[in-house]
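Student: Read off the chains here:
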Amino acid sequence: MDFATAANAVNLAENFNQNSPANGDSVSTFIDNLFQNGNGQVRNPATMTQGMIAAAQANNDGYWLITDQAVGLILTNWLSIWMDQINNGNGAHIDPRLTQTDIALFRQIAAYVQRNEIALFVPNLDYYGPVDVGNATPVYTIDGYEKVDLFFTGPELANMQLDTAIGKILGIMAFMELFATGAHIVAISSGQDLPHAGQKFWSLFQKSSYMPWRNAGPLNQFCRTAYMHSHYSGAKGLSNLGSAYAYPNTVTTEAAPSPCPFVCSLLVDDTAHIAANSFLQLEGWPGTKAGNYGISGRHGQDFAVHQATKWNISTYGASPFSEKRGTTVFLAPTTWQPDMRVTTWAAYQGAKTLQSWYDTALIRPTANLL
Amino acid sequence: MLNAFSSEWNAVWKLVETLKPGVAVKDQSPTLTELLTSLKMQVTTYQQLVGAYNSAQGAEAQAALTAKIAASLEEIKALQTQIQSAITVQMEANKNAPTGALQMPQDFPDKVYNPGLTDLNLQIHSVISAMEVDFATHTTKPSTPSDDPEDETPDIEKEGSPIKSNVTDMKLTAPSWYKPKK
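Sequences listed follow chains Z and V, in order. Take the first sequence: its letter number 69 is residue 69 in my numbering, and every next letter is one higher. Take the second sequence: its letter number 181 is residue 1181 in my numbering, and every next letter is one higher.
No lab work stands behind these hints, which were simulated from the structure alone. Hints may be right or wrong, so weigh each one.
[Said to hold, decoys possible] Calculated pairs, DSS-like style, for lysine-lysine (alpha carbon to alpha carbon, straight line, at most 27 Å):
1. K352/Z to K1164/V
2. K352/Z to K200/Z
3. K352/Z to K1077/V
4. K1077/V to K1020/V
5. K1014/V to K1095/V
6. K310/Z to K1164/V
7. K1040/V to K1020/V
8. K1026/V to K1040/V
9. K1014/V to K1040/V
10. K147/Z to K1179/V
11. K1068/V to K352/Z
12. K1026/V to K207/Z
13. K1095/V to K1026/V
14. K1164/V to K147/Z
15. K310/Z to K147/Z
16. K1171/V to K147/Z
17. K1077/V to K1040/V
18. K1020/V to K207/Z
19. K1026/V to K1077/V
20. K200/Z to K1077/V
21. K207/Z to K1095/V
22. K200/Z to K1095/V
23. K147/Z to K352/Z
24. K1040/V to K1068/V
25. K200/Z to K147/Z
26. K1095/V to K1020/V
27. K1077/V to K1014/V
28. K310/Z to K352/Z
[As the list claims (entries may be wrong)] Selected chain Z positions facing chain V (Cβ under 10 Å, derived; list incomplete):
29. A70
30. L73
31. L75
32. A174
33. A347
34. P365
Owing to the predicted nature of the structure, the values given are computational and were not obtained by experimental measurement. Ideal placement from N, C-alpha and C gives every residue a C-beta, glycine not left out.
Required output: the full structure, derived from the provided sequences and hints.
Tutor: Structure (structure tokens):
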């Protein structure tokens, strides 16, 4: 994977801390700095748009608002949680400066991937050009998917130096890069897409219910309900009303808390009303402005940049992998085969047919696929 | 031959007859019960059209009925969407109702519980999905006149025609940010 980095990227000190009140090296200060949008600052809309368009033209897989050092500190720590989980570790190698919400999240993702023998499927994109004269929104060609297994076999767990095990660790890093830059990721589990329905990723977050068979998911204690979002039928409001989860529940205002998690705004929901898959996407910041459904404040801050580029924007970067462009990234059982179609690319429950939210002008197949 | 899905729909109507949706939903119009009645009427129409289609002689007669069946199926799907929304609202209302507001099955005395709504939603969805597949597979399409006989541009169906699925192994190298601990 190849990512561009903003010229004025924000750095995280190697000796970062979780002090309260925060100081210059605190995680909360680092996070707050990421939302400064004045001239010359990292989230300045004009600078961001320019940087993301250049990244698209250079065929980059995403755009970082943070320095290489910050990426390394955050993602290496997430990786250490993942590896501790799959090795049944006791957490001794996990950095004590991480919050319990980050630790719980990556433990559960790792366990889900391992349990369901999950692979990562990433659209193979090439920059094609702008939409039109005067409209620089990037258009891509798609030539299928690139796949890497993320789960470890018995021999690999016994010997992590095997080439295949190293390949999977690199795959997990690629997943983390895509996740951190805001790729739209669908976890395939629907019986409409697989011979037998699998475990829903959403089930990790679900609340307990009046249905006696539905117990609370292991991450529910750290969630709150996201009442509305713009993905799938939720864009029309009613059918996904209140079904999404915002993770974690410790980020509730327009300022970073102390201590501060690195995952500040993860959205998880179903892709459909029936036999759904699940999606996950790291957003910039949760909607914290009551009554405005998050269109103001930090949550709405990047809207103009998103409109100009149709890239997703997260806390730490931006990504061309969006369901609205037909460039969804998938976590799916390794046996899954993407069902590619001209109007929906990989068709999956929630996007089996051409949906009103697709912008088909932004993607086209290579001749190789026709 | 088109399928009327009679046994599947009969199973749905049986569920509807015994359904106890739950607490009253204020200002809901049409109500879930009204929507289900409309669905039954529309399904009956569909089944009558299917009967006529299956006994029609010749492709032309079948093609004429195809448009009517398609319109009927669209009506059914529109009702399904409304019913799904009404069920969502009903379930939310049930969930938020004061304890004791619902008549609960004896097996689950401690829960605010109505499995019928979920089952109904799933059954309606699965029958309609099967009807869509059946319709797409077995009907004779009416010919579409074109002003230009050379115009071969096909109608683009919503589903889109399949293209080759190309999955290759991802080639990865260690990212620049990764500094293994020594």
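Student: Which hints, by number, does the structure contradict?
Tutor: none
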